[in-house]
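Residue numbers (this note's numbering), protein chains in the order written: chain V, 52 to 339; chain E, 34 to 346.
Worth double-checking, as some hints may not be accurate.
[Unchecked claim] Computed footprint of chain E on chain V, listed as stretches where at least three residues anywhere in the stretch have a Cβ under 8 Å from a Cβ of chain E:
hint, region
1, 173-185
2, 216-229
[Said to hold, decoys possible] From chain V, some residues computed to sit far from chain E (all C-beta separations above 10 Å):
hint, residue
3, Tyr-197
4, Gly-233
5, Gln-245
6, Arg-257
7, Ala-267
8, Arg-273
9, Glu-289
10, Glu-328
11, Phe-329
Don't read these hints as lab results, they were simulated from the structure. For every residue, glycine included, the Cβ atom is placed at its ideal position computed from N, Cα and C.
Residue-level listing of the chains:
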Amino acid sequence: MMATEREMEFAAGLVNLAAATADTRDLAKKIRQHALRMTNAGGGSHIGAIYSCADLLAVLYGGTLRVEPAAPQSPTRDRFVLSKGHAGAGLYAALAERGFFSLDKLATHYQDGSELCGHVSHELPGIEVSTGALGHGLSIATGMAYSGKLKSAAHRVFCMLSDGECDEGSIWEAALFAGHHGLSNLIAIVDFNQLQGLGRTSDILRLDPFADKWKAFGWDVREVDGHDHNLLQQTFAEVPFASDKPSCVIAHTTKGKGVSFMEDTVLWHYRTPRGAEFEGALAELEVA
Amino acid sequence: MRDAVVRTLTELAPQHPEMLFLTGDLGFGVVEKFAARFPHQFLNVGVAEQNMSGLAAGLALEGHSVFTYSIGNFPTLRCLEQIRNDICYHDANVKIISVGGGMSYGPVGMSHHATEDLAILRSLPNMTVFSPGDLWEAAEAARYLVKQKGPAYLRLDKSAAKLNPREGEAFIPGKIRTVQEGLDVTLAATGGILGEALRAAEILAGQGIRSRVLSVHTLKPLDTATLITAAKETGGIVSIEEHNVDGGLGGAIAESLMECGVVPRFFSRIGLRNTFSSVVGSQQYLRNVYGLDAEAIARAVSAKLVRAVSSVA
Chain V
52 MMATEREMEF AAGLVNLAAA TADTRDLAKK IRQHALRMTN AGGGSHIGAI
102 YSCADLLAVL YGGTLRVEPA APQSPTRDRF VLSKGHAGAG LYAALAERGF
152 FSLDKLATHY QDGSELCGHV SHELPGIEVS TGALGHGLSI ATGMAYSGKL
202 KSAAHRVFCM LSDGECDEGS IWEAALFAGH HGLSNLIAIV DFNQLQGLGR
252 TSDILRLDPF ADKWKAFGWD VREVDGHDHN LLQQTFAEVP FASDKPSCVI
302 AHTTKGKGVS FMEDTVLWHY RTPRGAEFEG ALAELEVA
Chain E
34 MRDAVVRTLT ELAPQHPEML FLTGDLGFGV VEKFAARFPH QFLNVGVAEQ
84 NMSGLAAGLA LEGHSVFTYS IGNFPTLRCL EQIRNDICYH DANVKIISVG
134 GGMSYGPVGM SHHATEDLAI LRSLPNMTVF SPGDLWEAAE AARYLVKQKG
184 PAYLRLDKSA AKLNPREGEA FIPGKIRTVQ EGLDVTLAAT GGILGEALRA
234 AEILAGQGIR SRVLSVHTLK PLDTATLITA AKETGGIVSI EEHNVDGGLG
284 GAIAESLMEC GVVPRFFSRI GLRNTFSSVV GSQQYLRNVY GLDAEAIARA
334 VSAKLVRAVS SVA
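Isolated chain E (complex conformation) (with noise of 0.2 Å):
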């Protein structure tokens, strides 16, 4: 997804003179091309994302559109109270990019997990959030990042859904994209953990269960109308995300659902529970670990029909 990211930047640079490239003295191997084109656009401000956010709060208050980019929690959590005040509260033109979505960054550790960012970044005012499931809705949201105005949060996963848009698809920013019909049961995925829900619907089939698959790759805005729509035609609907359930997708789902005063059949969060991952191993080992993986999803998702069968029977 990073390199999706960074291509679309890089393509969409010359066209937009204000637009600058800010990093906390990462992205290795991805960055130097957008740096050797474009010097003028962009800018390492060193290890230092505290500075980094105020720095770009200042640049867009003077018109520029500021990109910041960093490591899992280092843009977000270490300066949240930067994104919040300079940030959010001046409406300021900053995007921030987080690489290493969930548990991307595996093995290294629990302080490169990103597994509570969405719940924290959604709940700012004023704030856009992207979590996309694919390389293409990744490099999408980025295009639409670069035109649109205000501060918003771009959470890039390692994992990537294997798809393809439609012939002639169209990203619309704020709406759920489903990337497959069905109506025994809605998966709902956030992020690259979009691969497991298609795969875990793949399983499903074969028990004879025909799942429609959500890729809700805009969180703020929720698009409550097709979740709505989900609630009512299928048998109900489980959140799919590699973060912890308090707060994230599941938390913003049922949020919106019950304020419609619409309860679907069953409702179910997978992600992480009040979990710090001490483990160590790759993202799809630590996704076998915590039920993430799209065996793990799939039983759970089996169990719950089961369930809400046998409860209306």
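Chain V on its own, in the form it takes in the complex (with noise of 0.2 Å):
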């Protein structure tokens, strides 16, 4: 197979990921940034799980989506559909800091009058699709790779995963289809914090043997630290991991991560960061 853009970037030497690394690190503390200060204006929530994928959506838009600010609707592009749709926040900072929208439209965020609500929309551009109930995102995300293995097109179809939303028995119909069609332009990326509405996933609702699930059903998993932005990068330049399937990255990730308080409570699911306790996040990220 012919190796895409990014592996020809990557095998020209280190160097240039050490210096996408730095980028991505960077774009990462403004998501975490800008997010704080949306949720903290708007009253919003969903603070923890926007940290978990921080460092995801910034190595997805530092370098390894192929999209273009200027042409959203570009054919070409790569999609990407946020099926964890309480993120929004999370990937409207991206977005605007990849110059979609202007970084003033964040201020909006949850006001009257706004495109930006909290579950990710779909007026906006660069966005794909507004989600929010859970469990839609990777049957849209497929539809959209089976649509490109029709027109052999070049492109990719990313989707981003809560781990409480495989819960969801859609996600697994939508898992069975991709596996049976063998559609390697799909890769879920779930981001695995282990936390969920009321607690921790091995409690409420058993996923593990997680991996072994995906591959139970026709995937190429690869689990990863979702944190480790070398690690991401390195991971996101070899799908797909097998030519005739989809992959699957389980990135494991602390809920919250970033923000010491934050970190691995499901109260920072629900919370919005006020007062002592938003000064210190924005302390904290400020040296990080």
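Both chains are given apart, each in its own frame, so use the hints to dock them into the complex.
Pasting the structure below:
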């Protein structure tokens, strides 16, 4: 199979990778800072779920995804579907930083008359689909990938899921379909922070053996540290992992990653950062 | 109706390479020819209607014109949130075909009876709803949907009124089809039960009552103008549907007439009343049981007319 442009870039030397990693780390920091201000100002929630995937979003939008901010509907673009729509503020921040729309817009999040609703909205350039109800995104992404195969198109379709979302049967309907049809242009990324609505995924509805489930459904699976930019870049550069299978990246993450008191707690799935907590979080992010 | 629709899609598929036909593993003896002739435009997604609907949305967003196909409530209620969020909110070019409208699948039981689908589907923004009354309307609706963009629901009945289009008659989506003229009462039917309405009109004619019979093949958008005319010109309006009356055809007519400030001399909804059918029997048998057959419709109409006349006197 022909090496992708990105693969060739990486093959050119680790210097590029190191530079790219520094950029994506900076982007991740900015995503976290924006999201904190956005949830603070709007009285929003889900900051913990945004922070667990901030590094993933930064790596995706910091080079992995072949997207053109000036031509968000370009037919050759990679598609990205955020199925865990509650991390909308994180995606808005990534897109604004990449120039899909102005950074000023971020301040309107949750505000009356804004397009930036809590759960991600396709009214904004760069956003393929609106989500929010869990278990929808993978089917849509699978449809996009199937279309890509029909057209022999070169673009890929990435879809980010939460782990709690994998309780939904529709995820496994889509997983079964994508495996059956060998949609190698489809990449599912699971933000596996092991916390869901009311507690630990292991206590509420066990997903383990998680990687084995995806494998059994016909996917090629890699498990990675979802906060290791270097590793994430290398991993995404290697998709598809198999030429005849969809790829699944299980990203082991920490909910609330980046702010000590938010890490690995269910509380920060819901709580709005205010007052001293807001200031403290901002200070921690600044020195990170 | 099913065969008429699949025939139409088969005829149009070559000119519409963007068209895709998805089935939730149903259509034995019906879809095979299409699948064999157009393997790249056919996809059996398996028994997974949620995925079928989300998948259809994803395909439509990539430029395909997608039909989803299954029985009764499977392609509609089972995956309602996918239809609402993924298809309708994105105004995706997905047309849902459900076969077995009303109690078409009579003896197999309530799981296969589609008796709330019209109310639920028509409540969704961006959705167009077709419920044809005869084979010609079914085929013409399908022909229209191949060319039309946006979410739509096509409800197909096993029964069909035995009608032929008039010479040169054109199928106009969104326009009620007047299949018989009359001034004493309007019988407005949707779906294959149009056949019962026509037979009821014959019985009423024997009693000297001349019925205007309307086929409301498009439930959304609803042709309010034709209904207003019927309310003004005829002695009353009776809606007839093989469906629970809440939010169905009768509800739609009442909403639109009330909003226009037009009150028919009398108004009556014939349909299921807060009922799941647990009785075993053919579609015709169940129509008899639930007062949806021609005789019952005629009895209800003449009783209403007598009351309406005596209350005026």
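Quick rundown of the hints versus the structure:
{"no.": "1", "hint": "173-185", "in the structure": "holds (count 7)"}
{"no.": "2", "hint": "216-229", "in the structure": "holds (count 6)"}
{"no.": "3", "hint": "Tyr-197", "in the structure": "6 Å, violated"}
{"no.": "4", "hint": "Gly-233", "in the structure": "14 Å, holds"}
{"no.": "5", "hint": "Gln-245", "in the structure": "25 Å, holds"}
{"no.": "6", "hint": "Arg-257", "in the structure": "22 Å, holds"}
{"no.": "7", "hint": "Ala-267", "in the structure": "16 Å, holds"}
{"no.": "8", "hint": "Arg-273", "in the structure": "24 Å, holds"}
{"no.": "9", "hint": "Glu-289", "in the structure": "24 Å, holds"}
{"no.": "10", "hint": "Glu-328", "in the structure": "33 Å, holds"}
{"no.": "11", "hint": "Phe-329", "in the structure": "32 Å, holds"}
The structure is inconsistent with hint 3 alone, although it conforms to all the rest.
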